[in-house]
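Can you make the complete structure from the sequences, with help from the hints?
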Amino acid sequence: MLSLEKLTKKYGDFTALNGLSLEIADGQLHGFVGPNGAGKTTTMRILATLLKPTSGTATIDGVDVVRNGTEARRLIGYMPDFFGVYDSLKCWEYLDFYARCYRIPSADRKKMTERLLDLVQLSEKKDAFVDSLSRGMKQRLCLARSLIHDPKLLILDEPASGMDPRARAEMKTILRTLREMGKTVLISSHILPELSEMCDSLTILDHGQLVFSGSVEALSEKMNGNAPLEIRLQEGCGEAAVDTAVACLKELPFVKEILQEGTCVLKVRTEGGEAEHMQMLREMISRNIPVCDFHRAPMNLEKVFMEVTGDA
Amino acid sequence: MLNPILSFSATRRMRSFKTLLIAAAYVVVMLAVTLLIMGRIFGNEATFYSIRNSVTCYQAQMVTQFILILLIAPAMTSGAIAGERERQTLELLLVTNTRSFRIVIGKAMESFAMLALLIVCGFPVMCLTMVAGAVTLPQILIGELFLLLIAFASVSVGVFSSTLARSTVASGVISYLILLAIGGLTLIPLIMDFPVEVTSVVYDTSSLAALAPGDALKMISPVLLCNPGYALIALLHGQTGMLTSTMEYREIGRLLCEFRLMDKAGGETLALISCGIILVLAVLLLLAAGFLLRKNSLKPAKRTK
Numbered sequence: 029m030l031s032l033e034k035l036t037k038k039y040g041d042f043t044a045l046n047g048l049s050l051e052i053a054d055g056q057l058h059g060f061v062g063p064n065g066a067g068k069t070t071t072m073r074i075l076a077t078l079l080k081p082t083s084g085t086a087t088i089d090g091v092d093v094v095r096n097g098t099e100a101r102r103l104i105g106y107m108p109d110f111f112g113v114y115d116s117l118k119c120w121e122y123l124d125f126y127a128r129c130y131r132i133p134s135a136d137r138k139k140m141t142e143r144l145l146d147l148v149q150l151s152e153k154k155d156a157f158v159d160s161l162s163r164g165m166k167q168r169l170c171l172a173r174s175l176i177h178d179p180k181l182l183i184l185d186e187p188a189s190g191m192d193p194r195a196r197a198e199m200k201t202i203l204r205t206l207r208e209m210g211k212t213v214l215i216s217s218h219i220l221p222e223l224s225e226m227c228d229s230l231t232i233l234d235h236g237q238l239v240f241s242g243s244v245e246a247l248s249e250k251m252n253g254n255a256p257l258e259i260r261l262q263e264g265c266g267e268a269a270v271d272t273a274v275a276c277l278k279e280l281p282f283v284k285e286i287l288q289e290g291t292c293v294l295k296v297r298t299e300g301g302e303a304e305h306m307q308m309l310r311e312m313i314s315r316n317i318p319v320c321d322f323h324r325a326p327m328n329l330e331k332v333f334m335e336v337t338g339d340a
Numbered sequence: 003m004l005n006p007i008l009s010f011s012a013t014r015r016m017r018s019f020k021t022l023l024i025a026a027a028y029v030v031v032m033l034a035v036t037l038l039i040m041g042r043i044f045g046n047e048a049t050f051y052s053i054r055n056s057v058t059c060y061q062a063q064m065v066t067q068f069i070l071i072l073l074i075a076p077a078m079t080s081g082a083i084a085g086e087r088e089r090q091t092l093e094l095l096l097v098t099n100t101r102s103f104r105i106v107i108g109k110a111m112e113s114f115a116m117l118a119l120l121i122v123c124g125f126p127v128m129c130l131t132m133v134a135g136a137v138t139l140p141q142i143l144i145g146e147l148f149l150l151l152i153a154f155a156s157v158s159v160g161v162f163s164s165t166l167a168r169s170t171v172a173s174g175v176i177s178y179l180i181l182l183a184i185g186g187l188t189l190i191p192l193i194m195d196f197p198v199e200v201t202s203v204v205y206d207t208s209s210l211a212a213l214a215p216g217d218a219l220k221m222i223s224p225v226l227l228c229n230p231g232y233a234l235i236a237l238l239h240g241q242t243g244m245l246t247s248t249m250e251y252r253e254i255g256r257l258l259c260e261f262r263l264m265d266k267a268g269g270e271t272l273a274l275i276s277c278g279i280i281l282v283l284a285v286l287l288l289l290a291a292g293f294l295l296r297k298n299s300l301k302p303a304k305r306t307k
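From first to last, the protein sequence lines stand for chains P and G. Heads up, the final residue of the first sequence is numbered 340 in the numbering used here, and it's a clean run with no missing numbers. Heads up, the final residue of the second sequence is numbered 307 in the numbering used here, and it's a clean run with no missing numbers.
Hint data in this document are derived by calculation from the structure and do not stem from the laboratory. Fair warning: this is a prediction, and the values are worked out from it, not measured in the lab. Any given hint might turn out to be false.
As the list claims (entries may be wrong) - List time: in silico DMTMM-like cross-link candidates among lysine to aspartate or glutamate, alpha-carbon distance up to 25 Å:
| # | chain 1 | residue 1 | chain 2 | residue 2 |
| --- | --- | --- | --- | --- |
| 1 | P | Lys154 | P | Glu198 |
| 2 | P | Lys153 | P | Glu121 |
| 3 | P | Lys166 | G | Glu88 |
| 4 | P | Lys180 | G | Glu93 |
| 5 | G | Lys297 | P | Glu121 |
| 6 | G | Lys297 | P | Glu99 |
| 7 | P | Lys118 | G | Glu250 |
Stated by the list, open to error - Taking beta-carbon pairs under 8 Å as the criterion, some of the chain P residues facing chain G (in silico):
| # | residue |
| --- | --- |
| 8 | Ala76 |
| 9 | Thr98 |
| 10 | Arg101 |
| 11 | Arg102 |
| 12 | Gly112 |
| 13 | Tyr114 |
| 14 | Ser116 |
| 15 | Leu117 |
| 16 | Phe125 |
| 17 | Cys129 |
| 18 | Tyr130 |
| 19 | Cys265 |
As the list claims (entries may be wrong) - According to the in silico footprint, chain P covers these stretches of chain G (three or more CB under 8 Å from chain P):
| # | region |
| --- | --- |
| 20 | 95-104 |
| 21 | 108-120 |
For glycine and all other residues, C-beta sits at the position ideal for the given N, C-alpha and C.
Here it is in structure tokens:
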């Protein structure tokens, strides 16, 4: 569905996007994660034909977005990170306006408008003025607007930003429905856990460069492989036991880093795999160090995000 | 299918209480001007004095509306594109595959429709000048058509400025500056001396009297014909003989010669030519706005979340 190849965007000396290559399959709900300034919005604006890349190509369903912008715009529904709503227009008029901009025949417009208002749970607000809606409702109305011409690819730039938990939950439900409808959705956020709950796959960007792209499981697996070992010593074992443990670990050549957490927990980063870990545990036991627990510390997605974007 | 930008912008404008106020203020100004001049003849029998007064009143109404349109149009159109940019809805429009020219035409027609509404609101007040019998309905209708053309031209200047500017305020300022520049620069021929071949004719009363209308037309600077004010004076002179009294002055100055050339060439003919030129320029401005819209809109803009 979506293919980016060495996509680069420069603003003078500043490189907003640096050779991004990416493939997203049909019907995927793909998350685009990165800190502010990572290049998410730049990528999305290029896909929405609102920006021209400095180099590289972006194709949607085989259509080059730079060379054939008109055709590409028919395939995409774009929802930016701002509302872009008109006051003095009712909800149904707002959708009808965009439907007319897309030259949808009048016979289909009414049906389409009602169906979309129903999808975004705004049927009851059909005759309400847009400026009277809450933030979450406006966001949902904007989502309905981006769906008005039945696009294949939805580009949603931080759709949940500034929403309360309830509005976020509603948005997630709608996005799941869209996935079930077979839409390919590219959704950005700077909050990884938020996306990981609903996305099939993720791309993490940092400073305009690809850091990771793959399934959520693959990301967790990859990051857990780098997670530190957590060694808990017996409660009240005393400083002497901790010092002995640290001295023991320092003797092992594959131990890279030792951090003490609290009075009796050590976090150890190592090079090597299970064999080295077994050796480490044997050494500690043989020196009568009171080890109670020895396991790899689980990484939550917030930590993963900080880790991969280098801010840990 | 009716241009959606036109229909929805019009819907939004007509829902605003401000629109009603503008229309009311326009009619009030027209009535004030009319009553100031015509008030003295109401209730009296028709005399030469009252006929002359109604002609003056028609001229005053036309000049008033001309000035009002030039004042209102930039303020009304400044937000046409710049407002969409500020509201961050322009990008959304551009993503819908709506052609830039369709957006520009929709916005221009919506503002033009509003000005046309004002002009139509002023029509009954203009018809009051017919009471004394000096001004005819066809003359008023031609006057209204002229004002509609001026409204269209002013709107095209406003929409063009709105396409260039990043904000509504800047757009309004640019519009007024463009209108001032057009008004000022096209009057430059009036401060320049006539060419020798023209001087020999226009400063000589007998040669001027023998001048054919076609030859007089050739002597008028085409630059002057681009001036909407000149077009208005030509039209009013053609319709009402506005400048006839000046023809009797003995001393022949530069401006007076220009009036005499106008008189020779025919005021209505000149107004028609002038209107044609203004119309072409207005269409060119709208085409330029359509061309610049997408280019100018995709530059990074200041955002307000």
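Cross-check of the supplied hints:
no.: 1; hint: Lys154/P to Glu198/P; result: holds, 18 Å
no.: 2; hint: Lys153/P to Glu121/P; result: holds, 12 Å
no.: 3; hint: Lys166/P to Glu88/G; result: holds, 18 Å
no.: 4; hint: Lys180/P to Glu93/G; result: holds, 20 Å
no.: 5; hint: Lys297/G to Glu121/P; result: violated, 29 Å
no.: 6; hint: Lys297/G to Glu99/P; result: holds, 19 Å
no.: 7; hint: Lys118/P to Glu250/G; result: violated, 64 Å
no.: 8; hint: Ala76; result: holds, 5 Å
no.: 9; hint: Thr98; result: holds, 6 Å
no.: 10; hint: Arg101; result: holds, 5 Å
no.: 11; hint: Arg102; result: holds, 6 Å
no.: 12; hint: Gly112; result: holds, 5 Å
no.: 13; hint: Tyr114; result: holds, 6 Å
no.: 14; hint: Ser116; result: holds, 4 Å
no.: 15; hint: Leu117; result: holds, 6 Å
no.: 16; hint: Phe125; result: holds, 5 Å
no.: 17; hint: Cys129; result: holds, 4 Å
no.: 18; hint: Tyr130; result: holds, 6 Å
no.: 19; hint: Cys265; result: violated, 53 Å
no.: 20; hint: 95-104; result: holds (count 6)
no.: 21; hint: 108-120; result: violated (count 0)
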